[in-house]
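Trainee: Throw the hints in and build the complete structure from the sequences for me.
Listed in order, the protein sequences are those of chains L and X. Everything in the first sequence is counted per our numbering, starting at 3 for the first residue and increasing by one. Everything in the second sequence is counted per our numbering, starting at 197 for the first residue and increasing by one.
A couple of the hints might just be wrong.
What the hints assert, rightly or not - Listed next, with one range per pair, are the computed distances between beta-carbon atoms:
#1 L:S57 with X:Q210: 44 to 52 angstroms
#2 L:P71 with X:D251: 24 to 32 angstroms
#3 X:A197 with L:K43: 16 to 24 angstroms
Hints were generated in silico from the structure; no laboratory data involved. Note that CB positions come from ideal geometry on N, CA and C, so glycine has one too.
For reference, the chains in residue letters:
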Amino acid sequence: DTEVTQTPKHLVMGMTNKKSLKCEQHMGHRAMYWYKQKAKKPPELMFVYSYEKLSINESVPSRFSPECPNSSLLNLHLHALQPEDSALYLCASSQQGPNYGYTFGSGTRLTVV
Amino acid sequence: AQKITQTQPGMFVQEKEAVTLDCTYDTSDPSYGLFWYKQPSSGEMIFLIYQGSYDQQNATEGRYSLNFQKARKSANLVISASQLGDSAMYFCAMRGARAGNNRKLIWGLGTSLAVNP
Numbered sequence: 003d004t005e006v007t008q009t010p011k012h013l014v015m016g017m018t019n020k021k022s023l024k025c026e027q028h029m030g031h032r033a034m035y036w037y038k039q040k041a042k043k044p045p046e047l048m049f050v051y052s053y054e055k056l057s058i059n060e061s062v063p064s065r066f067s068p069e070c071p072n073s074s075l076l077n078l079h080l081h082a083l084q085p086e087d088s089a090l091y092l093c094a095s096s097q098q099g100p101n102y103g104y105t106f107g108s109g110t111r112l113t114v115v
Numbered sequence: 197a198q199k200i201t202q203t204q205p206g207m208f209v210q211e212k213e214a215v216t217l218d219c220t221y222d223t224s225d226p227s228y229g230l231f232w233y234k235q236p237s238s239g240e241m242i243f244l245i246y247q248g249s250y251d252q253q254n255a256t257e258g259r260y261s262l263n264f265q266k267a268r269k270s271a272n273l274v275i276s277a278s279q280l281g282d283s284a285m286y287f288c289a290m291r292g293a294r295a296g297n298n299r300k301l302i303w304g305l306g307t308s309l310a311v312n313p
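Mentor: Below you can see the structure in the form of structure tokens.
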């Protein structure tokens with residue numbers, strides 16, 4: 003299994019809603035990532051989990067809350083988002099080391115209304 | 197600091213012709229990896245090709261090859277025999293070996309490639 007699976011593919015939520023994005027991989031990768039991407043821009047790193055522990059938080063607002071329940075799963079909990087948070091959210095996983103790229107999921111297109 | 201520079205915001209190529217997408221990088225890491233990704237309008241980020249800093253030969257993967265010139269710190273992607281399905285954004289990225297650098301991919305701004313029939 004060489005895939006990263008993200009659900010849902012599309013999500014529309016109001017500013018008072020609570021929702022979660024889910025990501026799953028079964029490649030044995032011990033690093034998992036959340037990225038936010040605006041159109042025609044490179045992805046922006048949000049969070050890095052290494053061996054199920056949060057190792058990097060790129061000063062992300064607290065309305066985004068990551069969770070790594072086990073080595074295969076990564077969640078991103080969303081609460082009280084703003085319209086400017088509308089974007090493509092990409093999950094990725096990798097092995098450690100410079101020789102390994104990331105394997106990405108197909109992303110969740112989030113619209114905040 | 198690590199940096200990736202892609203100087204071509206947009207490129208056009210005729211179907212069946214070859215195209216080169218430019219990428220230069222800057223790092224003080226002695227060991228690093230260079231990657232190219234393709235992102236179609238559907239949004240999925242697709243890995244294309246990898247080059248290690250100690251690799252003696254240029255990487256190739258099917259129609260993709262990486263023109264690696266270490267002294268010039270460049271890692272250009274060459275797509276041969278372009279197809280309509282190659283129309284997409286292309287990102288060059290780098291990953292270092294040192295702690296901290298190891299955990300992050302450093303991204304260029306991307307090149308939007310359009311293949312004309």
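Trainee: The structure should be examined with respect to each hint, and the outcome stated for every one.
Mentor: Here's how the hints hold up against the structure:
Between L:S57 and X:Q210 the C-beta distance comes to about 46 angstroms, which sits within the given range of 44 to 52 angstroms. L:P71 and X:D251 have their C-beta atoms about 37 angstroms apart, which leaves the hinted 24 to 32 angstroms range violated. Separated by about 20 angstroms at the C-beta atoms, X:A197 and L:K43 satisfy the suggested range of 16 to 24 angstroms.
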